[in-house]
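A.B. asks: This is what each chain is made of:
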Amino acid sequence: MTVEATIEVTGLRKRFGSALALDGMSFTVQPGQVTGFVGPNGAGKSTTMRVILGLDAPDDGHALVGGRPYASLPHPMRYLGSLLDAGALQPSRSARAHLLWLAYSQGLAAHRVDEVLEQAGLTAVARRRAGGYSLGMRQRLGVAAAMLGDPLILMLDEPFNGLDPEGIVWMRGFLRSLARQGRAVLVSSHLMSELEDTADHLVVVGRGKVVADTGVAALLAAAAGGRVTLRTASAPAAVRLLNRAGATVTANGDGALTISGLPAERVVAVLSHDGVPFSEVSGHRVTLEQAYLDLTKEAVEFRAEPAREVAP
Amino acid sequence: MSSGVLAPRRPDLRPDRVRFAQSLRAEWVKFRTVRGWVIAMVVAILITVFLGIFAAGNVNIGCQNGPNGPVLTGKACTPKYPIGPGGEAVSDSYYFVRQPLAGNGSITVRVAALTGLHGGGGRIATGQSPLAGMTTGVVPWAKAGLILTSSTRLGSPYAAMMVTGAHGVRMQYNYTHDTAGLPGSVTAGSPRWLRVTRSGDRISGYDSADGRHWTLVGTARLTGLPTTVQAGLFATSPIYTVSTPGAIGSTNQSGPSQATAVFDDVSLRGSWPARTWTGDNVGNGPASAGTGFGYFRRSGAAVTVSGSGDIAPLVAGPAAASPTSTFEQPLAGLFAGLIAVVVVAAMFFTTEYRRGLIRTTLAADPRRGRVLAAKAVVCGAVAFVVGLVAAVIAISIGLPRQRNQGSYVLPVTTVTEVRVIVGTAALVALAAVLAVAAGAILRRSAAAVTAVIVAIVLPFLLAATVLPVSAGAWLLRLTPAAGFAIEQSIPNYPQVSNVLSPAQGSYPLPPWGGFAVLCAWVAVALATAYVLLRRRDA
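Chains A and B are the protein sequences, given in the same order.
If you read the first sequence in my numbering, its first letter stands for residue 16, the second for the next number, and so on.
If you read the second sequence in my numbering, its first letter stands for residue 123, the second for the next number, and so on.
So here's chain B without its partners, still in its complex pose (with noise of 0.2 Å):
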């Protein structure tokens, strides 16, 4: 043995892999006995199951089948939505002008007016004409133009060319697909021009505003399109909602629409075996936005089709025909279950610092990316399960418990569904190992606390209940808690008028964008930790 060179008596060949798990391993010690935090985490699975479900998500619904039927309730009341080629649930209600079309060809259209009616608020009285009391005026995504569709079964693949209230002109297919065409409202000064191909399975979509230099606005391909289709001209107007900023979030009032279009120059190429038009609400029942008072008219040239109801994905909120909820909302209890898991993920370092102990911690592992490291893991790992387990139970409990009571769960893929509960825990997680890092930054328990929650969960809570839609939007967009849009299972479709709100289970950014942003913020949270851990006496 060389003079200066020290040999321990228990051998001490170990790399570094090895010395990570060990270091994972005596933080897992230290975590697992303290009972208070064992407790803790029991106690945030507890409230997270508890509020979401019990609190939350205890609702009354009831309806009526005529104004003489029996009074039913729960899960009698939960009306049978159509569900579209992609799996979701959508609405699927509109006036219909029709004719077959058999195999390829076009009809081509101009429109040269769209004009509607709109409710302020309340749902129509049993009985009472659903035109009582309504205002003129156009609703944003109320639409009129032409449809292609399969058959007129509910949910059939379609693809259709349509002027919108506020929106321009689009082609939209099969619900959830959207592109915009030609900009500005349809005027007596600037009628619009529609054409629908079919070749095949392939729809193409073109707009003009001459009649004579035409654009393509996108192809849509319909797998499995039948030779024989149903075409024509088509009038719907969504549920109309109000959202009033008030002293506290605002309110919400929504009331059926009514759109009615006049087109001319309907010209028709290719088989057209019917020879005459044939007009239907499709879909009007009680699953429907519209209110069945569809119809059209001929006079000389000019065909005038109204229509309510909407040809889109269905949402939760305001914008439903009748109760509707997601596959997360049992989790709406989750912050509280945050706070629990955040409270002891931060105290996990600062009483360390409290105690002196963090010099005991640092004399056994001096490399003090590792400890910071190891202590993340663990916090994180305990986090994840917390999240998962508070998830699962919440979700198994919850659903049936929302089905019974009449609301419609609107569905999801089953990669949606996973996605939704691993993010929950990855979102706990994130949120265990950001107050991790806090702890080493700020090093005092209540400060280091406060500013995860103030991070975290206030922004999710003020961006809920008392701010505005747009205010919340941004601390939703910049904040951690950003990361909670991983539990938004449905979409907030551009082409469905809705209220974006975490109220409403909507975020404004995308779930794994908002993911994102809070991965940013941990990542940041832990390099600080890091170079102010390494630089400062412990």
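Just chain A, with the same shape it has in the complex (with noise of 0.2 Å):
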């Protein structure tokens, strides 16, 4: 049994007051993976959650969850999970108290609700106020809260923020997890490197439309471009005959040298040929937040022409 669990949004456009939110959003989201939802803050990410969520209306385009509009599931929380807010909690209200309205709410039985505790590592404090949780572990109740429905799909909206070095690991592997089961999972942040190592697909937005919307494999492959890194300790003379053979050479800053426009074998061959000692010729890797504002580079660029435009 094939069941498709997918999130599309289809030309959202969304004014609020002289502010534009959203300007022609269109994306999907596919089963099995965690789609990073990326972008600065402003960029409309919050809204188009929202819109998705039938929460807010958009003046233009639709959202449909596993083809139809989440506001017409009776109930909803069994299709999609969702932590739009961490902080929206009644601070007089336990964990385990929030958990079980939401379970009623959606035809649950309570012991559903022990369960996500379970899950998110919560038992031990489920009767205490919500009020007294850190911002962390208000982000587990949030999670717990998306969990309770065993979605298809789940969307979060920076689940990272407030979270420890212990939570960020967790939060990663839990992603992870739901992915493997099959799940479509929406991440967004705007961080690129909390998604280090854990989005499979990556829709980047900005200024309310998509940038990019591209697999996170591909992208730091091309972002890579064919570079080698290389350490020495004769950093003049290889740069010397390294530019003689054709290739451009630029200081990395931590001692090491970024090459292009020569592969490794070539590298390593020129260096040892005039006995330039080395102690390491690898192929470049770059970090996702490198890959991300190459990417964004130009929508940046972008940005800034109105600016220009109106100075005198």
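Don't read these hints as lab results, they were simulated from the structure.
Any given hint might turn out to be false.
Here are the computed distance ranges between Cβ atoms for each label pair [what the hints assert, rightly or not]:
| no. | chain 1 | residue 1 | chain 2 | residue 2 | range |
| --- | --- | --- | --- | --- | --- |
| 1 | A | L150 | B | D659 | 21 to 31 Å |
| 2 | B | L580 | A | G197 | 56 to 66 Å |
| 3 | B | V544 | A | D165 | 36 to 46 Å |
| 4 | B | F176 | A | Q134 | 51 to 61 Å |
| 5 | B | F176 | A | E181 | 53 to 63 Å |
| 6 | B | D659 | A | G188 | 28 to 38 Å |
Calculated Cβ distances over 12 Å to all of chain B for the following chain A residues [as the list claims (entries may be wrong)]:
| no. | residue |
| --- | --- |
| 7 | G57 |
| 8 | R222 |
| 9 | A279 |
Ideal placement from N, C-alpha and C gives every residue a C-beta, glycine not left out.
Please dock the two separately framed chains into a single complex, following the hints provided.
C.D. replies: Okay, here's the thing in structure tokens:
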């Protein structure tokens, strides 16, 4: 039995007063992978998620969950679990009570509450007032709430916010395990580094629309661009020889050199021929963040244009 | 499974009715898991009971039978009021010039004059003549005319045709029924002719301005009327109350009054075996609104009858002869409990906006009308229970306390008692629903709480304290505070002069009328909340 667990967002437009929040936002979230929803603050990520949940009405376009509008689902949390704002809690209510009313609203039994509390590691503190929780505990509670209906789709807005390093590791493992189970997972973040080793697919947004929609592996390969990293004690000699061989060399700052225009085996041959010592020659590795910055450079430049127009 | 259709792992086959029950259960868990709200509901009950019983109901009543008698307090001072055929406490005191009438017959009379005396204020001191210091003038509900009654036992069934001080000719029967006849006062230039006929248990009243052209004013059916009844002439005049508007509220001064009527051309038909008139002060005792100084005098064909008191239902307030109170008086503290309920009900919605929790709620249940309905039902049900418990406790402690203090609690039917108690619970419930709707409309706690208190509690408090009676009456007709009328157990009888103020337990609209005004407000608020909730982004 195949079940389609997707979110389809098509041509969303939304204006708040004079501010254009969404400007033709379109993308699809596929099952079995973690989709990172990345962009600077104010790019329209949260607004898009609110539109998906039927909380905000778009001026144009539509969002479908498994082919249906979210608001048409009788027990929507059994299809799509979401976490928009971990702080959205009544402070005097306990975590267990918070999950209990949510469970009842979906026609779920109370034992489901205990299961997700266990899953989120909150069993020990479940009867304490949620107002006394750290932001990290609130994030875990929010994830527990999203998991209540055992949904095939999860949508989490900035779930890494406020997590300690241990929490970040837990969250990454948790999101990956959900994707492995075949669920569709959409995770937003304004920090690309948070999605390192987590996201399989990226939807990069800026100014209310999609800037890039790409797989993470392909993105990293493209960003590496066949460059080579070289570590050597005789940097000036190496630069001279490699330039002569037709390569472009730039200093990396951490003592390493980045070489482009020459494959790794040619670099080794050139240096060995003239007896220049080196400690490492390797294929260049880019972080997801660098790749993201390369990718959004155009968008950033584009963003600066209107400012230039109004400048005297 | 077809492409694009999502099947949940947990089966999801619920009809709408079950879905609403799930939303209700969720909202109920939300309510009961915030300890502050639960405590506030208990506080609402306690302050209603405390204010109603211990603050508002503390009076000292003393009395003395005769100048040298022992001074009594409390219950020993409570007079025994007669009970009318409808079960209500009545005033039944008048001067009666009577003869027995055997079987069917009629009596016709011309009323040539109606004059009176009244005091401006203060009760009469012991030993002083009640007529001392009175001024000339007929009070509006001074009554004189013909009466036919089953007996002179107090509270007996009767029917009467009368002229009044300021309300023209009336036919009244069995204390609570009142029908208008010819308008205008009796003067030397415009006398009035009155006639009462008996046919079985049917008594008909007629009036005439010239003694030739007669108009039927009304017919009363007095069931169980004996063959021989007492019929004749009467005069009576109730306690006269002057309400003086002051800087804050108004002050009421009450005192007895007297009416004197001159009758001539008395004609009798049927069997009047006694052939002679007997004069009596009927019902003049500690429970009477009269002075007991009635008399009659014959001068040729003319008969002058003078009396004091009233033949009317008993009401609470300044018009009563001795301290009376109502069944609903222990509920006087309800407005304070209502404030606590309204605050929680408004916050039940507004804190979700403040915390952003409304998005979680609407993500769990995207049908916004259903969310509004679930919140309204949960808050309304909790408030109903709070109102019911508060009313039952307040009344079951308050009424015995009022009686022990010497106050006469006006009796009402069981149906009325249930209506007052359940109506009070419904009033609290509707106020809570109004607050939920205001919370959904205004989204901010302070604004929603203020709006509902200004709409429902403030008009009641203003009308009960500082506002002139007429201005207060308009507030209590138009604002949601009209719903307080559901608590009124004794009707506002138009034939009894009284001060109609919520401070005396009187409202300008009848109980269900006032309740309907509140219901209309709640309906409008819910409809507005529904439209805005659907239209606005969460």
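A.B. asks: Honestly, which of those hints from before does the structure not fit?
C.D. replies: none
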